[in-house]
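What follows is the residue order along each chain.
Protein chains: 2
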Amino acid sequence: MASQRILVVGGSAAGPKAAARAKRLDQDAHVIMIQKAPELSMASCGYPYYVGGFFDRREELLCTPTGVVRDENFFAGAKGIEARTETEVVAIDREAKQVSCKDLRSGETYALDYDKLILATGATPRMPPIPGTDLDGITTLHAMRDADYLRSLRDEGGVRKAVVIGGGLIGIETCEALQLAGMEVTVVELLPQILMFLDWELAKLLENHVKEKAANVITDNAVSGFLGQNGKLSGIKLQSGTELECELAVVAIGVQPNVQLAREAGLDIGVTGGIAVDEQMRTSDPAIFAAGDCIEVPDRLTGKKTLAPYGDLANLEGRVAGENAVLESGATFPGTQHTGICKVFDYAAGSTGLSERKAREAGFNVLTGVNASLDKPGFMGGKLLVSKMVVDADSQRMLGYQCVGPGDVSRQISEAAMAIAGKQTIPDLVNADLPYAPPFSLAIDHLIAAAHIVENKLKGRMVGIANTEVKAKLDSGEHPFFLDVRGPAEFEAMRLGLGETLIPLGKLRDRLGELPQDKDKEIICYCKISMRGYEAQRILWAHGWTDIKVMEGGIMAWPYGREK
Amino acid sequence: MASQRILVVGGSAAGPKAAARAKRLDQDAHVIMIQKAPELSMASCGYPYYVGGFFDRREELLCTPTGVVRDENFFAGAKGIEARTETEVVAIDREAKQVSCKDLRSGETYALDYDKLILATGATPRMPPIPGTDLDGITTLHAMRDADYLRSLRDEGGVRKAVVIGGGLIGIETCEALQLAGMEVTVVELLPQILMFLDWELAKLLENHVKEKAANVITDNAVSGFLGQNGKLSGIKLQSGTELECELAVVAIGVQPNVQLAREAGLDIGVTGGIAVDEQMRTSDPAIFAAGDCIEVPDRLTGKKTLAPYGDLANLEGRVAGENAVLESGATFPGTQHTGICKVFDYAAGSTGLSERKAREAGFNVLTGVNASLDKPGFMGGKLLVSKMVVDADSQRMLGYQCVGPGDVSRQISEAAMAIAGKQTIPDLVNADLPYAPPFSLAIDHLIAAAHIVENKLKGRMVGIANTEVKAKLDSGEHPFFLDVRGPAEFEAMRLGLGETLIPLGKLRDRLGELPQDKDKEIICYCKISMRGYEAQRILWAHGWTDIKVMEGGIMAWPYGREK
Chain P
1 MASQRILVVG GSAAGPKAAA RAKRLDQDAH VIMIQKAPEL SMASCGYPYY VGGFFDRREE
61 LLCTPTGVVR DENFFAGAKG IEARTETEVV AIDREAKQVS CKDLRSGETY ALDYDKLILA
121 TGATPRMPPI PGTDLDGITT LHAMRDADYL RSLRDEGGVR KAVVIGGGLI GIETCEALQL
181 AGMEVTVVEL LPQILMFLDW ELAKLLENHV KEKAANVITD NAVSGFLGQN GKLSGIKLQS
241 GTELECELAV VAIGVQPNVQ LAREAGLDIG VTGGIAVDEQ MRTSDPAIFA AGDCIEVPDR
301 LTGKKTLAPY GDLANLEGRV AGENAVLESG ATFPGTQHTG ICKVFDYAAG STGLSERKAR
361 EAGFNVLTGV NASLDKPGFM GGKLLVSKMV VDADSQRMLG YQCVGPGDVS RQISEAAMAI
421 AGKQTIPDLV NADLPYAPPF SLAIDHLIAA AHIVENKLKG RMVGIANTEV KAKLDSGEHP
481 FFLDVRGPAE FEAMRLGLGE TLIPLGKLRD RLGELPQDKD KEIICYCKIS MRGYEAQRIL
541 WAHGWTDIKV MEGGIMAWPY GREK
Chain X
1 MASQRILVVG GSAAGPKAAA RAKRLDQDAH VIMIQKAPEL SMASCGYPYY VGGFFDRREE
61 LLCTPTGVVR DENFFAGAKG IEARTETEVV AIDREAKQVS CKDLRSGETY ALDYDKLILA
121 TGATPRMPPI PGTDLDGITT LHAMRDADYL RSLRDEGGVR KAVVIGGGLI GIETCEALQL
181 AGMEVTVVEL LPQILMFLDW ELAKLLENHV KEKAANVITD NAVSGFLGQN GKLSGIKLQS
241 GTELECELAV VAIGVQPNVQ LAREAGLDIG VTGGIAVDEQ MRTSDPAIFA AGDCIEVPDR
301 LTGKKTLAPY GDLANLEGRV AGENAVLESG ATFPGTQHTG ICKVFDYAAG STGLSERKAR
361 EAGFNVLTGV NASLDKPGFM GGKLLVSKMV VDADSQRMLG YQCVGPGDVS RQISEAAMAI
421 AGKQTIPDLV NADLPYAPPF SLAIDHLIAA AHIVENKLKG RMVGIANTEV KAKLDSGEHP
481 FFLDVRGPAE FEAMRLGLGE TLIPLGKLRD RLGELPQDKD KEIICYCKIS MRGYEAQRIL
541 WAHGWTDIKV MEGGIMAWPY GREK
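So the protein lines, in turn, are chains P and X. So in UniProt numbering, the last one in the first sequence is 564, and the numbering has no gaps at all. So in UniProt numbering, the last one in the second sequence is 564, and the numbering has no gaps at all.
Be aware that one or more of the hints could be misleading.
What the hints assert, rightly or not - Distance ranges between label pairs, derived from CB positions:
(1) V463(X) / R105(P): 54 to 60 Å
(2) P192(X) / P286(P): 51 to 57 Å
(3) T425(P) / K507(X): 41 to 47 Å
(4) T66(X) / E563(P): 32 to 38 Å
(5) E184(P) / L458(X): 51 to 57 Å
Unchecked claim - One-sided and incomplete, this derived list gives chain P residues near chain X with beta-carbon spacing under 8 Å:
(6) L313
(7) K343
(8) F379
(9) F440
(10) L505
Hints are computed from structural coordinates only; laboratory data are not their basis. Think of the CB as a built atom: it goes at the ideal place given N, C-alpha and C, for glycine as much as any other residue.
Chain P extracted, bound-state conformation (with noise of 0.2 Å):
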């Protein structure tokens, strides 16, 4: 039998995994690997440290861990792949099984037969439809180059006020990136909020934190037009009139699949815009596969299509795509569940599964429960984590996990994606059996804890109040009765101000008589993180109160500033 030719249309991440996987399993195959960028196998996601400046050889975004650069040679002789950089495919004859190349650094153009084609297409960044995105001084974060120009200017100075269009992931560790470049940031978000797979009261606890780092953030506010001097920007003005000086834009206000050759070609596009697979990783075309940021995939949480550009799934799909290319052995790739994590100066910020607008968008019967605490303890240097976890109530399965802060929270999200993953429920995560020792963990691991606040209040032990819905009745002109338990210490160093009455919880037994005496006066208890808030409320309760209610996460997850 004559051996198969497998084309792998991109050469970034998707389509190396593809074509490995492919020449791995099938040695005969004749594999190539066509790439529109001079380089191969970027670690793309590497790009803001590297402008950022956490290493400085560029090299190393383009190496194996053993430090060989994965160029053609690379492939040729490590994994018996033939590689061809600075070429674009533009267009695919499905019927005579062929694509078109062109050779971008002598313009000629040639064709090349397949048995089986993998596209690995990527995206490309959205840019917003305003005039002036020609100017100098504006990119994305997307290709190496871009690394190489946002790099160049960190090492030769001379840029003083930057602006990031965007806030959600790559935006705000751009906006990173250049602060630490030595840059005066400021980032431009549409959106009420940061850092879109958080829901609002967790990304404002990260814009906080961001604007403590002396970087500036902008919310609900766009750009409407970039201003430029001799072809070189030079501001940027915002829909509310606003005019911001700066003389780098950064854009970062997400990515579309680059789906025009599968379109060309009459592939199936979805419902999203990305190619349309099956599990397989199979296009329309039985002898097309497609992998990586041009494709959509199951949601594993709502059944439904999504976009999912991640580094991590392209890999996982390519893997597929690769080995069904050559084997037709049935692999799959079940889809994703949205996880995703990213530094933002010394916090992280994760999510996995949905968020409660998703959850709640979605149609199930949302319930939520907030948490607080130390990653570990006090005496091993513990800092502090806030999660909220979304459970359906209904099945109580979890369905969503998020969690910011300083501490370990790629932990918390690693534990809580495979719970996802394995569809656990609140009843199985109460007594989840995690690692714990004091350099890693609490006795009782954080989203344990969590799992423990979502049971007491389905049980109805514990009724909770999330602090948007207490700033929203404040902001209405209501007046429950605020009771902070804590000790007095705490309250002078710092406290929330909304006329609340300090009852520490070790006095509450014997003060009573301080507290409302309409005892269906509406009392909301809260203490740094609330788990005394819950004791109070239990107390209040067997002494006739009805209406009391614990502010989730207490001080520490409020994000609407605080007196000292």
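Dock chain X against the given chain P, drawing on the hints supplied.
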């Protein structure tokens, strides 16, 4: 209705948790907690870090996160619990529902009635049955007074040489603590390895690290006697005959559950020697519950009863016991996966589920995969992880996972613990959606990569060999052909020295002539971590060699020493 009286015997971990939960859920209950030690709610897992000088304020072991000492006043005020310290419960009269208490300060004895009794009597360190254990300088690290004693030795200096008897989790934590306290430490372990929750070859990597840190480890040997002068310890004698000079010996050979009180009261004691309880933490007497180190619980993997004296489980069990004691709500605790982790100088070691050894003992059709990789990209300061995944080849379910190294072991074990709890299989794990960003992980998380290795083995796409099997072959005089497929610079810097042949992977297809021409000759390939070793296997198979094996984990997982 009169309020019910709940008596809790034990005030360390399970006891306070049970008492607090009971009181929270029934504010009318009269909850009395009786504690033999002078302290309450000690963070006993923190003792080694106090001894080792990670922090200096003793009270931190006894405080709430906001700095309030958890003494009798705290329990009375904040928790509504009557705590009696330095008081021992000496007998239970089940018929009268009454216990006899002895005040250890006054010697006075008195009776207390109960409606429900919760036993959280803990465990006692085992002592070796040899002469001399009463010498000054011999201790355990179990009670607060032990921590105080060892910390005083650190603060006063003067102890030059210490021996830790037992290389389990507590023994190894104590070894680090004493070494950091400035002592010259030797760990003596009866078994062929330290840290029995790991399989031998991973434990050996830890042992090597402990030795690098200038502590000594002696395995396969035991203490046969303590040597003394003037009532003071001067050394130990080993079964091998060797004598080791030392002024301090810390015994850490495990604990046994404290069941005397329960046994004398006629409660059922389980097969393992722990108090028998059902899923609701109820003993054979429906009015008596038990929780913590004194009970036995189901192993969730084997279904068999087991002892699991971990601080985190004590809390979870106590929570269930406390709830059922007041509400009879049917809350359950399902058992343990034996998830554990410990810090060992710059490494961590963790495990969840069954080790290979235990899985084989339990009769599973075991298949394993060993993975070695960085925890995150090199450019972000990635550190090594070596792990072993244990799978039931019939159901493809993950049975266990262990991980060691300087990298982020905590995240690895956390995600694996959740995956095992969710009964996830290899087809699930190969596509896990875990949080990826360069500051936190590789694009393909270390655990997912381990699942890929196992999948390749299950499907016959890779044939692996454990380094222990390789060593056994060498020791029995076999001479397989060893093929190291790294680069020349890597080879020069460090190699195994097994008479191996170096052919870099990128040259392998061109240099097949340098391999044995007998196509049935056993060839063992490897590289730094055996990713390239696996690629080599695929190539050699395609060229007709039949007996190729990949040495799993490569050089980084090799525990027997290397040539430099």
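Here is how each hint holds up against the structure:
A hinted range of 54 to 60 Å is violated for the C-beta pair V463(X) and R105(P), which are about 43 Å apart. Distance hint check for P192(X) and P286(P): the Cβ-Cβ separation is about 55 Å, which falls inside the suggested range of 51 to 57 Å. Checked against the hint of 41 to 47 Å, the C-beta distance between T425(P) and K507(X) comes to roughly 54 Å, which is inconsistent with it. In this structure, T66(X) and E563(P) break the distance hint of 32 to 38 Å, their C-beta atoms being roughly 18 Å apart.
Between E184(P) and L458(X), the C-beta spacing of about 55 Å keeps the proposed range 51 to 57 Å intact. Restraint check, L313(P) versus chain X: the minimum CB separation of about 7 Å is within 8 Å; hint holds. Proximity of K343(P) to chain X holds as hinted, the smallest CB-CB distance being about 4 Å (cut-off 8 Å). With a least beta-carbon distance of about 4 Å to chain X, the hint placing F379(P) at the interface is held under the 8 Å criterion.
For the restraint placing F440(P) at the interface with chain X, the shortest Cβ-Cβ distance is roughly 4 Å, inside the 8 Å limit, so the hint holds. Hint status for L505(P) relative to chain X: holds, with the closest Cβ pair at about 5 Å, below 8 Å.
Violation of the numbered hints given earlier is confined to hints 1, 3 and 4; the remaining hints are satisfied by the structure.
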